[in-house]
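Asks: On the provided structure of chain A, position chain B as indicated by the hints.
Each protein sequence line maps, in turn, to chains A and B.
Number 295 marks the last residue of the first sequence (the working numbering); no jumps.
Number 379 marks the last residue of the second sequence (the working numbering); no jumps.
Simulated from the structure, these hints should not be mistaken for laboratory data.
Note that the Cβ used here is the ideal one computed from N, Cα and C, for glycine as well.
Just so you know, nobody snuck in bad clues.
Restraint ranges, calculated between C-beta atoms of paired labels, are given here:
(1) A:K51 / B:R165: 43 to 51 Å
(2) B:V359 / A:P189: 23 to 31 Å
(3) A:Q49 / B:V359: 49 to 57 Å
(4) B:A321 / A:E64: 22 to 30 Å
(5) A:K51 / B:L125: 53 to 61 Å
(6) A:P13 / B:D337: 57 to 65 Å
(7) A:I19 / B:A321: 32 to 40 Å
Okay, derived cross-link-like pairs now, DMTMM-like style, lysine to aspartate or glutamate, Cα gap no bigger than 25 Å in a straight line:
(8) A:K143 / B:E145
(9) A:K104 / B:D362
(10) A:K108 / B:E368
(11) A:K104 / A:D188
(12) A:K143 / A:E161
(13) A:K108 / A:E192
(14) A:K104 / B:E368
(15) A:K143 / B:D340
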Amino acid sequence: MSALEGRSGPRWMPYILSAPGLALFVAIVLVPLAMTILLSFHDWGQYKGIETVFILKNWREIWSDGYFHEVFLRTFRVAFAVTLLTAALGAPEAYILSRMKSPWKGIFLLVVIGPLLISVVARTLGWALLFGGSGGVVNKALLNLGVISSPIPFMFTETGMIVALVHVMMPFMVLSVWAALQRLDPQIENAALSLGASQVTVLRRIVLPQIMPGILSGAIIVFALAASAFATPSIIGGRRLKVASTLAYDEFLNTLNWPLGAAVAVLLLIALVLIIVGSNRIVERRYAEVFR
Amino acid sequence: MSRNGPLALVFHTLFVIFMLAPIVVVCAVAFTPEGYLSLPANGPSLRWFRTIARYPEFINAFWTSIWLGAISSLIALAFSVPAALAIARYDFTGRDAFTALLMSPLMIPHVVLGIAFLRFFTQIGIGGTFLGLVLSHIVVVLPFALRLTLASATGMDPRIEQAAVSLGASEWTVLKRVTLPLILPGVASGWALSFIQSFDEVTMTVFIAAPGTETLPVRMFLYIQDNIDPLVTSVSASVIAATVVALVILDRIYGLERLLVGRGVGER
Numbered sequence: 004m005s006a007l008e009g010r011s012g013p014r015w016m017p018y019i020l021s022a023p024g025l026a027l028f029v030a031i032v033l034v035p036l037a038m039t040i041l042l043s044f045h046d047w048g049q050y051k052g053i054e055t056v057f058i059l060k061n062w063r064e065i066w067s068d069g070y071f072h073e074v075f076l077r078t079f080r081v082a083f084a085v086t087l088l089t090a091a092l093g094a095p096e097a098y099i100l101s102r103m104k105s106p107w108k109g110i111f112l113l114v115v116i117g118p119l120l121i122s123v124v125a126r127t128l129g130w131a132l133l134f135g136g137s138g139g140v141v142n143k144a145l146l147n148l149g150v151i152s153s154p155i156p157f158m159f160t161e162t163g164m165i166v167a168l169v170h171v172m173m174p175f176m177v178l179s180v181w182a183a184l185q186r187l188d189p190q191i192e193n194a195a196l197s198l199g200a201s202q203v204t205v206l207r208r209i210v211l212p213q214i215m216p217g218i219l220s221g222a223i224i225v226f227a228l229a230a231s232a233f234a235t236p237s238i239i240g241g242r243r244l245k246v247a248s249t250l251a252y253d254e255f256l257n258t259l260n261w262p263l264g265a266a267v268a269v270l271l272l273i274a275l276v277l278i279i280v281g282s283n284r285i286v287e288r289r290y291a292e293v294f295r
Numbered sequence: 112m113s114r115n116g117p118l119a120l121v122f123h124t125l126f127v128i129f130m131l132a133p134i135v136v137v138c139a140v141a142f143t144p145e146g147y148l149s150l151p152a153n154g155p156s157l158r159w160f161r162t163i164a165r166y167p168e169f170i171n172a173f174w175t176s177i178w179l180g181a182i183s184s185l186i187a188l189a190f191s192v193p194a195a196l197a198i199a200r201y202d203f204t205g206r207d208a209f210t211a212l213l214m215s216p217l218m219i220p221h222v223v224l225g226i227a228f229l230r231f232f233t234q235i236g237i238g239g240t241f242l243g244l245v246l247s248h249i250v251v252v253l254p255f256a257l258r259l260t261l262a263s264a265t266g267m268d269p270r271i272e273q274a275a276v277s278l279g280a281s282e283w284t285v286l287k288r289v290t291l292p293l294i295l296p297g298v299a300s301g302w303a304l305s306f307i308q309s310f311d312e313v314t315m316t317v318f319i320a321a322p323g324t325e326t327l328p329v330r331m332f333l334y335i336q337d338n339i340d341p342l343v344t345s346v347s348a349s350v351i352a353a354t355v356v357a358l359v360i361l362d363r364i365y366g367l368e369r370l371l372v373g374r375g376v377g378e379r
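Next up, chain A with everything else stripped away, as it sits in the complex (with noise of 0.2 Å):
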């Protein structure tokens, strides 16, 4: 950073303004986190309680239960199928926002983007209107567009769930995109236009490949959210169709087995630190060039 040969003051500055927040991250981030994992190799019984001892009762049951893994198939296959769907249709969206003139570009940025800020539990419902509710309204027009020929079962199924987490996840695919398109220089669009390449082959040979670390971060924060949504999924999956982080909540506020819950939750952190990082490498060492 540039900034730093600014003004010096006394050396242990820094540390003096950085020493709140880490004490308090310290305080009340790591010692939670620290403490969750230590409780999901505790014992637990109906009528003990939380036992705090070390074994590995927690994990070996999440290991060799198939309805555990049935629930982390299906959060991880949820999310795979909403992070290829906002990235089909949120990256055309961006470069269509980007294209359009003034006073609409701005407006339509905001009807794309803000519902970002808009409760996930109002959207939600919403998605539970159209899917269920007075009739089903997306099942009708889709019958009487001729798009269907019978009616598709959207609420609790993973269906509806996936795009229910499609809209909510969407303003974050087409943001980072839209960031992404920012730094495209328009001029090499028109060279290219210009020197006879159809608007197709533009769009293959030139816009894609800068976009893509755009699309790609993209891809890995919705990836991420939408592998550990609740509220979505709750709502529309109901009290059946469990992912990863419903599972969780049952474990903790219905069965009350806080070690079985704290081992499913500290599981889905694993594995979503694992995939992030090791994602976040590969589009790294790929589009080394396009971040520095």
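Replies: Same frame as chain A, now just chain B:
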């Protein structure tokens, strides 16, 4: 500049319908005069908005959310401003690790944070209290507060401060009269963004809120889990309306794009 073709405009229209449909349907159903979920076919009615007043659980939850958002965002800023100044100005050992630590709540799933806080607060005896809610919300909004404060602290010309120092101003005077006024727009937007994040947070809060300290989204979530009726749509419509107003104001003052595209979102 090239224009969008007809195909692109069709795609764009469908996309906008997709983004607006769930929000519009909530607002439409909220105006139903009937006792069940339906579109107000025979003219809109405010019946269900008036009904909210008879449900103190929603009113109380609303005030809890307002106070929680205001207080935790303010405290988060009190921690972010010095941290941002340290990160933007000085090259010190552990600077990157410190930044990563303060940004970490963006990467940790909120379910995990909720569980960690539930366990921690129960152990230290503040489970289900407003204090617990404030502490947990400081943590989740701090990355947003820090990002905007940091952006304005890095964007500031260090020579202005050097000029003040060379004219004999003390460290404290420089901070109070030069630095803080210059980063104030970033700090104010940081507060607003933090407030909205706190006001919308549900995943983590659902673990730590107790019946007396439920926030509005938590109350709405728990209500929807039992049944969906016009009452909860009118509550949601009110929340949506308030957010849209805040959004438009923020967009005018600071620019929504700048607020959200800033670094951090892409860094996660």
